[in-house]
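Enquirer: As given, the protein sequences belong to chains B and S, one line each in that order. Position one of the first sequence corresponds to residue 1 (the numbering used here), numbered consecutively onward. Position one of the second sequence corresponds to residue 1 (the numbering used here), numbered consecutively onward.
Treat the hints with care, as some may be off.
Said to hold, decoys possible - Mimicking SDA-like on lysine to any residue, the simulated pairs with C-alpha atoms at most 25 Å apart in a straight line are:
(1) S/Lys415 x B/Arg147
(2) S/Lys456 x B/Thr74
(3) B/Lys3 x S/Lys456
(4) S/Lys415 x B/Ile152
(5) S/Lys337 x B/Arg94
(6) B/Lys153 x S/Lys456
(7) B/Lys3 x S/His424
(8) S/Lys415 x B/Phe91
(9) S/Lys456 x B/Arg80
(10) S/Lys318 x B/Gln16
(11) S/Lys456 x B/Glu154
(12) S/Lys317 x S/Thr285
(13) S/Lys268 x B/Glu154
(14) S/Lys456 x B/Asp83
(15) B/Lys153 x S/His424
(16) B/Lys153 x S/Gln93
(17) S/Lys415 x B/Glu154
(18) S/Lys456 x B/Val106
(19) S/Lys268 x B/Thr126
(20) S/Lys415 x B/Thr74
(21) S/Lys415 x B/Val106
(22) S/Lys456 x B/Phe75
It is worth saying that the hints were derived from the structure and are not from the lab.
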Amino acid sequence: MEKQHLDPGIVTVWRQRSLMTNLIFWLILAGFFTCTVYFSWPGFFYLIAGTLAILVALHLILYVLVIPVIRYRTFFYTFRQSDFLIRDGVFVIRQVSIPLARVQNVTTEQGPLLRRYHLVSVSITTAADTQTIPALNAAEAHVLRDRIAEQIKENGADEL
Amino acid sequence: MNSEKKRLHVFAVLSESLGTLRKLVLPLGISFFTFLQHFTQWAGYVLATLAIILIYNFFKWLRFTYEVRGGSFHIQSGVLIRHDRYIHISRIQSVQLQTNLLLRLIGLVQLRLDTVDPADKGDVVLAVLSHQEAGRVRRLLGHGDPDTAPGANMETASSRIVFRLSIRNFVFATFTSSSIGIIGVLLAFWSSAGQLVPDQWLNRSFHQFILLPPATLIPLILLLVIGLWLCSAVVTFFRWGNFRLTVTPEKWLIHKGILETADATYMKDRVQAIRICESWLQQLTGFCTIYAECSGSVNNDKNKEGAVLVFPILRRKKLQAFLDTVIPEFAGSISCKSVPLRSQFYMMMLPVLPLTVVLVALSSFFQWGLWLWPVLPAAMALVFLQSRSSGYDLDGERLVFSYRLLTKTRMITLKNRIQSFTAHQSLVQRRFSLGTCSLFIRSSAGQCYRVRQLEKVDSDRLFQWFRDG
Numbered sequence: 001m002e003k004q005h006l007d008p009g010i011v012t013v014w015r016q017r018s019l020m021t022n023l024i025f026w027l028i029l030a031g032f033f034t035c036t037v038y039f040s041w042p043g044f045f046y047l048i049a050g051t052l053a054i055l056v057a058l059h060l061i062l063y064v065l066v067i068p069v070i071r072y073r074t075f076f077y078t079f080r081q082s083d084f085l086i087r088d089g090v091f092v093i094r095q096v097s098i099p100l101a102r103v104q105n106v107t108t109e110q111g112p113l114l115r116r117y118h119l120v121s122v123s124i125t126t127a128a129d130t131q132t133i134p135a136l137n138a139a140e141a142h143v144l145r146d147r148i149a150e151q152i153k154e155n156g157a158d159e160l
Numbered sequence: 001m002n003s004e005k006k007r008l009h010v011f012a013v014l015s016e017s018l019g020t021l022r023k024l025v026l027p028l029g030i031s032f033f034t035f036l037q038h039f040t041q042w043a044g045y046v047l048a049t050l051a052i053i054l055i056y057n058f059f060k061w062l063r064f065t066y067e068v069r070g071g072s073f074h075i076q077s078g079v080l081i082r083h084d085r086y087i088h089i090s091r092i093q094s095v096q097l098q099t100n101l102l103l104r105l106i107g108l109v110q111l112r113l114d115t116v117d118p119a120d121k122g123d124v125v126l127a128v129l130s131h132q133e134a135g136r137v138r139r140l141l142g143h144g145d146p147d148t149a150p151g152a153n154m155e156t157a158s159s160r161i162v163f164r165l166s167i168r169n170f171v172f173a174t175f176t177s178s179s180i181g182i183i184g185v186l187l188a189f190w191s192s193a194g195q196l197v198p199d200q201w202l203n204r205s206f207h208q209f210i211l212l213p214p215a216t217l218i219p220l221i222l223l224l225v226i227g228l229w230l231c232s233a234v235v236t237f238f239r240w241g242n243f244r245l246t247v248t249p250e251k252w253l254i255h256k257g258i259l260e261t262a263d264a265t266y267m268k269d270r271v272q273a274i275r276i277c278e279s280w281l282q283q284l285t286g287f288c289t290i291y292a293e294c295s296g297s298v299n300n301d302k303n304k305e306g307a308v309l310v311f312p313i314l315r316r317k318k319l320q321a322f323l324d325t326v327i328p329e330f331a332g333s334i335s336c337k338s339v340p341l342r343s344q345f346y347m348m349m350l351p352v353l354p355l356t357v358v359l360v361a362l363s364s365f366f367q368w369g370l371w372l373w374p375v376l377p378a379a380m381a382l383v384f385l386q387s388r389s390s391g392y393d394l395d396g397e398r399l400v401f402s403y404r405l406l407t408k409t410r411m412i413t414l415k416n417r418i419q420s421f422t423a424h425q426s427l428v429q430r431r432f433s434l435g436t437c438s439l440f441i442r443s444s445a446g447q448c449y450r451v452r453q454l455e456k457v458d459s460d461r462l463f464q465w466f467r468d469g
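From just these sequences and the hints, can you work out the full model?
Expert: What follows is the structure, given as structure tokens:
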């Protein structure tokens, strides 16, 4: 099978998630600023607030505009007959191979954001570690889940 | 095969109570001693607490039963909330008999079952049993010592091979292994000293200590170090003394300890990886220590991440023969192809560059910064050794990783024991066409092994080897 991208909808979901985190940062910052004004905290607190504001703005640009796209473009996964492959990373490229026979369980998760776009995040757990595919569309995820379940059934005796 | 419901030995009430008491007293620490001075005022409360603990543990004992029913081991426990635990016998990874000083005096043992559950879920412990009862449970669960089993015939007796620690190796082991233990003992001593001794006194004596002339100070420190070393050697002596490894076709039976003994059986097919460790002293003298990663919740030797100590000390020359008899699947050549020269350079540069920056900064701002420069060659030497020892070997289904943090370690595993395999490549590594490989093995906690800066070709080869399973 060809290596596949995630569902493109995930870019929007990542953006919305980061946006929410970012909003929380702004709220905290606003609280800090208000406190500084009201309780007339020393002047350098404005400096701190300013620095933090720049950092939060940077976070906004990076995590909402830039990183989701890059993450989408650099994340691939492949299913072969007997194993499952994830390849991701920008500076450090990581390739993980998990034989389907070693998979202990498959967990699917769907939060409110993912549900809006009919996406599912799939975690594949072996006896030693867990790998996650951030988003597949629901139909694909269920096909995958059933396929792995079948594999587990076939290799049921291989319990070491 | 069914058996009647049984309770633990009555002594469990007392030993469990002592355990609870110890848990109560230890956190109090030093304040406990001040409390003892006013003992008479509090005697009533103390007695009440003791009584409550005893009564509670009595009911706990009363409600704790175990039996074998329909192919599974069934444990009922809990005073207010009832727990029923069924463990399928075929799922029991190992059975361990342990004693501590108190139990040994009365001739009782503790039985511990390991299941596939991860270690944090807790082992199944039958806290106090008599010897015969423990032996019976062990046989019921199919982990009996073939020696004492009633039906042991000549065939099983001949297929058993026993490895013992020779006196010479044993003495050697106690002294080499303690090089690590010494730090632990020192730290433990220091942290407990902080609690017991008032700060002021400590400060004063420390000042006096520093003011001593070097001629007396240095021998004093040396004496202290040697004393601690001897202490830790003695500890190892008692822990590893009388070590005996019995190998049968399916199982290992490991017996160790002089005062506190531990008897454990492990199924051979549960072994996920074999680790051969050589500390510096051992490397110089040509010895090694052998550990095994087993799946299951083995959690004995806490400092070795729950791995099973297979044999504490063995001549490196005898290693091949040893592995051949102990676990033939994992035996074979362990001479590793080491990483290329450029990756050794790269590995040395990795810590050296940031370290140099830090040192330059420190020595330009502070006078004492200059004294830190010897750290640099020391770090370089360590990294050089580390890079020299890292490598891999591929031989059919067998994979050997060799690496070093402080202790040189070689890890042997089989393809079908590897849970997942990862290949990493960073930007710099891409430039030098190097790669890092890591793999996950199942053990009490998921264990990750890694070899850095392999030749990219080799890293690809390993990855392909794993995928073509």
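Enquirer: Among the hints numbered above, which are violated by the structure, and what are their numbers in rising order?
Expert: 6, 8, 10, 11, 15, 18 and 20
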